[in-house]
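S.K.: Residues per chain, in single letters:
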Amino acid sequence: NAGVMQNPRHLVRRRGQEARLRCSPMKGHSHVYWYRQLPEEGLKFMVYLQKENIIDESGMPKERFSAEFPKEGPSILRIQQVVRGDSAAYFCASSPPGLAGSGTDTQYFGPGTRLTVL
Amino acid sequence: AQKITQTQPGMFVQEKEAVTLDCTYDTSDPSYGLFWYKQPSSGEMIFLIYQGSYDQQNATEGRYSLNFQKARKSANLVISASQLGDSAMYFCAMREGSAGNNRKLIWGLGTSLAVNP
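Keeping their order, the protein sequence lines are chains A and B.
Sequence positions in the first sequence follow my numbering and run 11 to 128.
Sequence positions in the second sequence follow my numbering and run 12 to 128.
Honestly, the hints are just simulated from the structure, not real lab data.
Hints may be right or wrong, so weigh each one.
As the list claims (entries may be wrong) - Distance condition first, Cα-Cα at most 20 angstroms in a straight line; then the derived DMTMM-like pairs of lysine to aspartate or glutamate: (1) K14/B <-> E73/A; (2) K37/A <-> E55/B; (3) K14/B <-> E78/A.
Stated by the list, open to error - Interface residues of chain B toward chain A, partial, derived using beta-carbon atoms under 10 angstroms: (4) I15; (5) F23; (6) Y36; (7) Y75; (8) F79; (9) R114; (10) W118; (11) A125.
Claimed, not checked - If you only want the chain B side, here are some residues facing chain A, beta carbon under 7 angstroms, derived: (12) V30; (13) D37; (14) G54; (15) M56; (16) F58; (17) Y61; (18) K115; (19) G119.
None of the values given here were measured: they were computed from a predicted structure.
The beta-carbon is built from N, C-alpha and C at its ideal position, and this holds for glycine as well.
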């Protein structure tokens, strides 16, 4: 059973370009989460999605960032007009369908995408 | 205010000994979940152990156990019989509440563990 897949693992962009990060959840998982980790820091929640729905985007910056989880295909985190401050590791996690408040909502993480903005 | 506090930026332990990594949390919600993750130098985030606020017993997973003291709001990770491969960053995280759509994890800053041979 493959784990959470993320690609690319490393992404280099110049200021002003767009970054598209992809995440395929574990088989059977219907919940996807995106987190950002700045150097020497813990993770910060960005967004929680289910298929075709954004459930919680309270951690997403208001501008330039968007996320989707279409009916078919991977979840995409899109950053438009990147700036140097966007340089970070972006982690995707997934969890199975089930009630929050139980251990079944444990989030399993992908290997991350390390974005470097020049 | 920090919701998850890990007071030990770095820890050392001798191989084969046990080590405790501290985590305190702050929440007014009676229902919550606590998680520990390991991040080795390769960068991936590996789930270790989960403790629910209503669980009667402390969680255990192999060499990992969670010393859950609810009144003190602490959820310390205990690693027994340390191995060289345990050298990594360790993060404590919390999910507040059990409402269906509240699943975001709040993270501490982590503790760097070095296991000495």
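S.K.: Run every hint past the structure and note whether it holds.
M.R.: Hint check results:
no.: 1; hint: K14/B <-> E73/A; result: 26 angstroms, violated
no.: 2; hint: K37/A <-> E55/B; result: 19 angstroms, holds
no.: 3; hint: K14/B <-> E78/A; result: 28 angstroms, violated
no.: 4; hint: I15; result: 8 angstroms, holds
no.: 5; hint: F23; result: 19 angstroms, violated
no.: 6; hint: Y36; result: 13 angstroms, violated
no.: 7; hint: Y75; result: 14 angstroms, violated
no.: 8; hint: F79; result: 13 angstroms, violated
no.: 9; hint: R114; result: 5 angstroms, holds
no.: 10; hint: W118; result: 4 angstroms, holds
no.: 11; hint: A125; result: 16 angstroms, violated
no.: 12; hint: V30; result: 20 angstroms, violated
no.: 13; hint: D37; result: 15 angstroms, violated
no.: 14; hint: G54; result: 6 angstroms, holds
no.: 15; hint: M56; result: 4 angstroms, holds
no.: 16; hint: F58; result: 6 angstroms, holds
no.: 17; hint: Y61; result: 5 angstroms, holds
no.: 18; hint: K115; result: 4 angstroms, holds
no.: 19; hint: G119; result: 6 angstroms, holds
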